[in-house]
Structure formats: structure tokens, C-alpha cells
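2 protein chains.
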Amino acid sequence: MFDFWIDGQSGAARSGSLTLPHGTVETPVFMPVGTQATVRTLSPHDLKSIGAQIVLANTYHLHVRPGEDVIAQLGGLHKFMAWERPLLTDSGGFQVFSLEGFRKVDEDGVEFQSHVDGGRRKLTPEKAIEIQATLGSDIAMAFDHVIPGGADEATARDALERTLRWLARCKKRHASLMGTQTLWPIIQGGTLPALRTECLDRVMELGPWTGIAIGGLSVGEPKDKMYATIDVLESRLPPTLPRYLMGVGFPQDLVAAVERGIDLFDCVAPTRGGRNGSAYTPEGTVNIRNAAYRTDDRPLDESCDCETCTTYSRGYLRHLFAAGELLGLRLLSLHNVRYLIRLAAEMRGAIQRGGDAFGNWAEDWRRRYQHTGVA
Amino acid sequence: MFDFWIDGQSGAARSGSLTLPHGTVETPVFMPVGTQATVRTLSPHDLKSIGAQIVLANTYHLHVRPGEDVIAQLGGLHKFMAWERPLLTDSGGFQVFSLEGFRKVDEDGVEFQSHVDGGRRKLTPEKAIEIQATLGSDIAMAFDHVIPGGADEATARDALERTLRWLARCKKRHASLMGTQTLWPIIQGGTLPALRTECLDRVMELGPWTGIAIGGLSVGEPKDKMYATIDVLESRLPPTLPRYLMGVGFPQDLVAAVERGIDLFDCVAPTRGGRNGSAYTPEGTVNIRNAAYRTDDRPLDESCDCETCTTYSRGYLRHLFAAGELLGLRLLSLHNVRYLIRLAAEMRGAIQRGGDAFGNWAEDWRRRYQHTGVA
Numbered sequence: 141m142f143d144f145w146i147d148g149q150s151g152a153a154r155s156g157s158l159t160l161p162h163g164t165v166e167t168p169v170f171m172p173v174g175t176q177a178t179v180r181t182l183s184p185h186d187l188k189s190i191g192a193q194i195v196l197a198n199t200y201h202l203h204v205r206p207g208e209d210v211i212a213q214l215g216g217l218h219k220f221m222a223w224e225r226p227l228l229t230d231s232g233g234f235q236v237f238s239l240e241g242f243r244k245v246d247e248d249g250v251e252f253q254s255h256v257d258g259g260r261r262k263l264t265p266e267k268a269i270e271i272q273a274t275l276g277s278d279i280a281m282a283f284d285h286v287i288p289g290g291a292d293e294a295t296a297r298d299a300l301e302r303t304l305r306w307l308a309r310c311k312k313r314h315a316s317l318m319g320t321q322t323l324w325p326i327i328q329g330g331t332l333p334a335l336r337t338e339c340l341d342r343v344m345e346l347g348p349w350t351g352i353a354i355g356g357l358s359v360g361e362p363k364d365k366m367y368a369t370i371d372v373l374e375s376r377l378p379p380t381l382p383r384y385l386m387g388v389g390f391p392q393d394l395v396a397a398v399e400r401g402i403d404l405f406d407c408v409a410p411t412r413g414g415r416n417g418s419a420y421t422p423e424g425t426v427n428i429r430n431a432a433y434r435t436d437d438r439p440l441d442e443s444c445d446c447e448t449c450t451t452y453s454r455g456y457l458r459h460l461f462a463a464g465e466l467l468g469l470r471l472l473s474l475h476n477v478r479y480l481i482r483l484a485a486e487m488r489g490a491i492q493r494g495g496d497a498f499g500n501w502a503e504d505w506r507r508r509y510q511h512t513g514v515a
Numbered sequence: 141m142f143d144f145w146i147d148g149q150s151g152a153a154r155s156g157s158l159t160l161p162h163g164t165v166e167t168p169v170f171m172p173v174g175t176q177a178t179v180r181t182l183s184p185h186d187l188k189s190i191g192a193q194i195v196l197a198n199t200y201h202l203h204v205r206p207g208e209d210v211i212a213q214l215g216g217l218h219k220f221m222a223w224e225r226p227l228l229t230d231s232g233g234f235q236v237f238s239l240e241g242f243r244k245v246d247e248d249g250v251e252f253q254s255h256v257d258g259g260r261r262k263l264t265p266e267k268a269i270e271i272q273a274t275l276g277s278d279i280a281m282a283f284d285h286v287i288p289g290g291a292d293e294a295t296a297r298d299a300l301e302r303t304l305r306w307l308a309r310c311k312k313r314h315a316s317l318m319g320t321q322t323l324w325p326i327i328q329g330g331t332l333p334a335l336r337t338e339c340l341d342r343v344m345e346l347g348p349w350t351g352i353a354i355g356g357l358s359v360g361e362p363k364d365k366m367y368a369t370i371d372v373l374e375s376r377l378p379p380t381l382p383r384y385l386m387g388v389g390f391p392q393d394l395v396a397a398v399e400r401g402i403d404l405f406d407c408v409a410p411t412r413g414g415r416n417g418s419a420y421t422p423e424g425t426v427n428i429r430n431a432a433y434r435t436d437d438r439p440l441d442e443s444c445d446c447e448t449c450t451t452y453s454r455g456y457l458r459h460l461f462a463a464g465e466l467l468g469l470r471l472l473s474l475h476n477v478r479y480l481i482r483l484a485a486e487m488r489g490a491i492q493r494g495g496d497a498f499g500n501w502a503e504d505w506r507r508r509y510q511h512t513g514v515a
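Chains H and B are the protein sequences, given in the same order. Quick note: the first sequence uses the working numbering, first residue 141, plus one each step. Quick note: the second sequence uses the working numbering, first residue 141, plus one each step.
Hint data in this document are derived by calculation from the structure and do not stem from the laboratory. Please read all numbers here as calculations on a predicted model, not as lab measurements. Even glycine gets a Cβ: it sits at the ideal position worked out from N, Cα and C. Just so you know, not all the hints are guaranteed correct.
Derived lysine-lysine pairs resembling DSSO-like cross-links, with alpha carbons at most 30 Å apart [as the list claims (entries may be wrong)]:
hint, chain 1, residue 1, chain 2, residue 2
1, B, Lys363, B, Lys312
2, B, Lys188, H, Lys188
3, B, Lys219, H, Lys188
4, B, Lys311, H, Lys219
Derived contacts from chain B toward chain H, CB cut-off under 8 Å, selection only [to be verified]:
hint, residue
5, Gln176
6, Thr178
7, Ser183
8, His185
9, Val210
10, Ala222
11, Val245
12, Asp246
13, Ala431
14, Ala432
15, Arg434
16, Thr435
17, Ser453
18, Ala462
19, Glu465
Chain H with its partners taken away, still in its complex shape (with noise of 0.2 Å):
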């Protein structure tokens, strides 16, 4: 029920087949995220019409609502959402540690408030595993300790070792559920060299694993930071583990991020960019609501396959958003993810053919890429 095969290589970019219980997945993979159950918008028809082959799912908003008995009693997660393709789920970990409110932190777990009902709840690192098991996604991510984006290094040496003593708790607990779920470790260490490879060899002694996660990146870091830190990890990750960038989803970062040796990668800036009218193009990010649009015949993006970019104009779509129709959000959020579901196509598709191919593929893609910092 796990297996994964690199089918394809070109320089430190890889291209592999990820066999998981709902079905096989093609990397490199864009996973959309489908925080409450939904990915915002967007039907499971709609996902699988933009080639969607994973949805991400998120521990701590279904625990507070609907609360994952629920979703148990409705046949799990895979039969409550509609989606019978894989499906991966967060810790909860990065959502205790960055959402407003009341937070608890002592060794056992994170106490907290639920922003729905305002109630304390307690995660702890068999708690997640609890209640993913629970949701019976195909892959569960272990519970750690997050911290801010600029904390100094005692703060990260302590979460840290915290990160790492849970997840020594996290893959006991898995261990004992013995489902066909699959358990991740993540990566911490921000964006500290010494920190994030000491990171990784622990992880790694703790295992074996089927997959590793990369976490605490794009959370305000410049971006050379952010790429360097992968760069470190690069030569130490065990090239034959799938590798999981969390939260990175812009073009130019999934571009980067696939040159320096990842597999997978989710995040919600194409939706929520969406909902806001920012779509992206192979010129670089547009808003629709923009004025120049308004008799615009032309389609989002003359090279897209999607419903919104064969169906209606640039004009149609700055109607909806000044009208504030629904179906706008939701034409412009299809597009974005589709966008990046082609693109981590394409890049497969560079790296099959070997040798420089990704390097120069990714040198030509970025010459019509102006990111306009928008979405």
C-alpha cells in the first residue's frame, strides 16, 4: 500500500510515482488544500476535472469542527469529503502554534482554544495521531513544536528537541494503530544550517520512514533563506524518500524548490489568491478586478486547459468579481490550482527527458515569469 519509484532525474530535480491506499500519485505534485473538508470553492468534480491526484486536509479544523467522530460516523474522511483519491493531513502542530488566542505549552502537548466554540482542547503527540487515524488519510504528519519565523536560536533549539522527543511519542502511537496509514516526520530548525541538518540526522535515526516533510519555511523568510535551507537539506535527505515542502505553493518557489529535490508541496495561496481575484499567468501574476479587463475578450490564459480559461473572457471574470458573484471565486481559484497541477506537470515532463533538461526548461520558464508579488 506504499511504495515510491523515482522514474526520472535531471540534476537535483526528480520525478517519481507515489503509490499510497487511495492510489498513485505522479510527482513532482501540487497538493490543493482542503482546509475544512473543501478545498475552498471547489468540488471534488471540479478537482478531479484539473487533475488533482491529492487533497490536503487539516487535523485541527476538523477536530474542532466537525470533530473527527463525526466524519468517522460518516464513513471517514475519504467518503464524508467525496474524494476518493489520496488524501494527506497536517498534525494540527502548525495551526496550535499559529492561530490566535489562548496557547498552553508544556512537554504533554499544546492546550488551546477553539476559534469555533471558543472551548480549551488539548493536541498531543497521540492525540494527532489519533485523530488522523481517525480521518484515515493516507499519509498523517507528526505533531511538533512550531515557532515564529524569526526566533533566536535557544527558542529553536528547544522546539527542537521537543519536536523531536514527540515524534518519538507520534510514531509509538502510529505504531500501535497498525492501519494502512502512513506517518511523515518534519523537518525544523528554521532557517539555521547547523540546526536544520541536526534536524534531519535525528529524524532520520528515529526511522525508518516512508516520506519526510521540510516545515518552517516560507513564513516570512526572504526567499534566498528559504532556498538555501533546502539547498542544506538536499545533499543529506535519502534520495530514495519522497520530499514534502509544507505550505510553499508559489510558482517561482515550486520552480526553485523542485530544482533543489522536492516531491511535493501544498499550500493555499493559489485559492485564497483566487478568491481575491489574483490569477496567476505563464506572464506572471494578473488581478482580474483590474479596470484594463473590462471588455478583455481574451481568456485568463490562452495556454490553460481549465473550464475558467476555455469558457469565458478576462471580461466575464472582472464582471463577476465587481459583481460579487460566487462563481467568480471559485472560476479564478479552478484556474489557479490547475495552473499548478500543469506546472508541476511540465516540470515532471523536463525531467524525464534528462540530463539539463529541467535546468534549461526552468531557466526559459522563469524568463516569462515576472512575479508581480500580488497573489
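Fit chain B to the supplied structure of chain H, relying on the hints for placement.
Chain B alone, transformed into the frame defined by chain H:
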């Protein structure tokens, strides 16, 4: 490009086939409302998947935003909203007389304040016809003087006379444009039988027409007054013309009106109700927000073939509403519109069985359907 053929009858109920420039519509038919060139939350693909044959769009709304000139530059309303099947546009009369804000009525027309930019604008019979011709709908509606539900006879008489004078001007302007669009008049007269029949007779004198609409009902009057008004008109309406009851769309009203010889309907209720969590079922209206549905694994409506009912549990739909997810609004809107389309198709089938078939069907339907008044 215009034809109406009655192909079934049972009591006063009729089934027919209405041929328009963009296709043929089987009646009785429910028209979903695409106020701003989109049926709220639904795509044209969704609408086709649930068998929508004809959509209504609002002249007032499209005139103030984005403007008929923008729509014309983008290829006309059909192309703009990517709906290649028939379209009916209302004239804007109902909106300029019912929306809040400044309004000045004289013999020439209605000056009003745009709800979008606050600018003063004016609709006249000629202007309403010109806008609709520019939009390019299959059926245009006459610009009428609409009065509040409880208006006294003098007010109703005055509005009636003006509506008739305006109808003559609409007809003249429409004839001069010589397009493929057809123009339908609107019978007003409140719930006063004498005014209604007089209005009908005098409208017919201004003909010939290809169809006829009944306006000013379902605006707060008691149900029996509404049904009585349709009854009064039914015996005098020319049997060969399609009859459109404007703004009516609750399930029980559709059944009662078809029983009284009505062929076309439109209403925002299924989409507005859907966005509020209210759903039609064969047993009446349910509100999906109800905690009773928390772990309910049944579909919304077991007899329904729409994507919502064939894919999701009530428990999941309730979760989407509880979590404020936009997908919920869309899934309930989709189901509610499908419900009315299926209801119309079911009535059509009963009518075509002839004899007492429709009356028996309606009696049986009413026994099952308990209107809860939520929608």
C-alpha cells in the same frame, strides 16, 4: 425562429414546446434567475447538468453593471455568460420600481439612482427595449409601471393605463429594430379581477403577441388571491400563447399555477434559499443547518439525481454550512434548481398522460409535500 406548440393537456394544464432562436424549451418550464449574468454560485456547466433549458437575466442589473455596451463588446449576453441556450430578459421595470433609493416617474419613463455607483439614470420603454436588443436575449419583456402589492384601485388604474401606453411604445421600438428577439407584454392589475381582465383585453388589442406574462403576483398577497387572479385570467388567455407567471417559484405555487394553465416560471427562491441552507425535498423544505443532520448519512433528497444528492450526505452539507464553506451554497442551489426542473418535467409527464392524470398527480404530490414556509 419562434414557435409554440401545445403537445399535451390535462384539465387546464398544458404541456408544450417553445422554439426560440437559441433552442427549443419544453413546457412547463422553470427558468433559473441569472440576475447579473450568472445564476448565483452555478456555472453554465452546472445548469446544463441539471437540465436547465432557459435562463432569465435582469436588464436593470446588467445595464448598471457592467453596462450593455460592455456585454455587446464581449459578444452579447449569450457569449458573455457562456450560455448558448435560450435567455429571457426582464425589462427592468420591476427593479426600478422596487429597489430602494431615488425614483422619479413621469410619462416618459423612470429616473432612478443606480445601486452600484449612485448615478442618476433613466429607463424608458424605448430604452428598456434597446438594452434588451443589445443584450440579445431570445425573449424581451415590456417595460411596465409596477405598483406595490397593497395599492388602492386608483393607483392600480393609473399604473395600468401607463403600462398600456408604455406597451405601445415598447412595441413600436421593438418593431423598428427588426431582430430575432421576441417581445412579450405583461398583464398587471394587482388582485383586482376587473382590472386584470381589462388589462388582458387591452393588451391583446395591441397584439399580435407570441407570448404573454402575468406580473405583480407573489408580492405578498395571500396565496388564494394569487391563485384566484390566475383563475380569472386563465379562461380569457388565448390558448395558443405561452403564459409566463413572473417571479413565482415555490414548489407548491408551481403546481397550483400549472394546474391553472401556466407554462413558464422564474424565481430566485431556489438559489436564495439554497444559499441560506434551505433545501426542497419531496417531504417539504428542510434547513440543512439543523443539528439533527450532524451525522445524517442520507442524501438531501433520495429521489434526486443531482450531483449534490448523488455525492454527499446531509451530515457533510451541514458541515459545509456550519463551517461557512462556499461549496455548501453552491451544492444546495444546484439541488434546489434541479428540484424545480424535475418538478416541471414530472408535471409535463403527468399532463401528457391526459384525462385526469394531472389532477391526480397534483393531489398525490400535495399529500406528500408539506410546505414548512422556510424557503
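Okay, the hints, checked on the actual structure:
At most 30 Å may separate the alpha-carbon atoms for a hinted pair to count; Lys363 of chain B and Lys312 of chain B exceed this at roughly 36 Å. Proximity of Lys188 of chain B to Lys188 of chain H is assessed by CA-CA distance (about 19 Å); at most 30 Å being required, the pair is judged to hold. Of the supplied pair hints, the one linking Lys219 of chain B and Lys188 of chain H holds, its CA atoms being roughly 26 Å apart against a limit of 30 Å. For a cut-off of 30 Å, the pair hint linking Lys311 of chain B to Lys219 of chain H is broken: about 57 Å separates their Cα positions.
At its closest, the beta carbon of Gln176 of chain B sits 4 Å from a beta carbon of chain H; the interface hint therefore holds under the 8 Å criterion. Of the supplied interface hints, the one on Thr178 of chain B holds, with its beta-carbon coming within about 5 Å of a beta-carbon of chain H, less than 8 Å. The interface hint given for Ser183 of chain B holds, since its Cβ lies 6 Å from the closest Cβ of chain H, which is under the 8 Å cut-off. For His185 of chain B, the shortest C-beta to C-beta distance to chain H is roughly 7 Å, which falls under 8 Å, so the interface hint holds.
Hint on Val210 of chain B holds. Least Cβ distance to chain H is approximately 6 Å, under the 8 Å limit. Satisfaction of the interface hint for Ala222 of chain B is found here, the shortest Cβ-Cβ separation to chain H being roughly 5 Å, below the 8 Å cut-off. Given the 8 Å rule on beta carbons, the hint for Val245 of chain B is violated: about 27 Å separates it from the nearest Cβ of chain H. Below 8 Å, beta-carbon pairs count as interface contacts, and Asp246 of chain B has none with chain H, the closest being about 30 Å; its hint is therefore violated.
Annotation: Ala431 of chain B was flagged as interfacial toward chain H, and the flag is violated, the nearest CB pair being 11 Å apart, outside 8 Å. Because the smallest distance between the Cβ of Ala432 of chain B and any Cβ of chain H comes to about 13 Å, over 8 Å, the interface hint for this residue is violated. Annotation: Arg434 of chain B was flagged as interfacial toward chain H, and the flag holds, the nearest CB pair being 6 Å apart, inside 8 Å. For Thr435 of chain B, the shortest C-beta to C-beta distance to chain H is roughly 4 Å, which falls under 8 Å, so the interface hint holds.
Interface hint at Ser453 of chain B: satisfied, since its Cβ lies 5 Å from the closest Cβ of chain H, which is below the 8 Å cut-off. Nearest Cβ of chain H to the Cβ of Ala462 of chain B: about 6 Å, under the 8 Å cut. The hint holds. Taking 8 Å as the C-beta cut-off, the interface hint given for Glu465 of chain B holds, the closest approach to chain H being about 5 Å.
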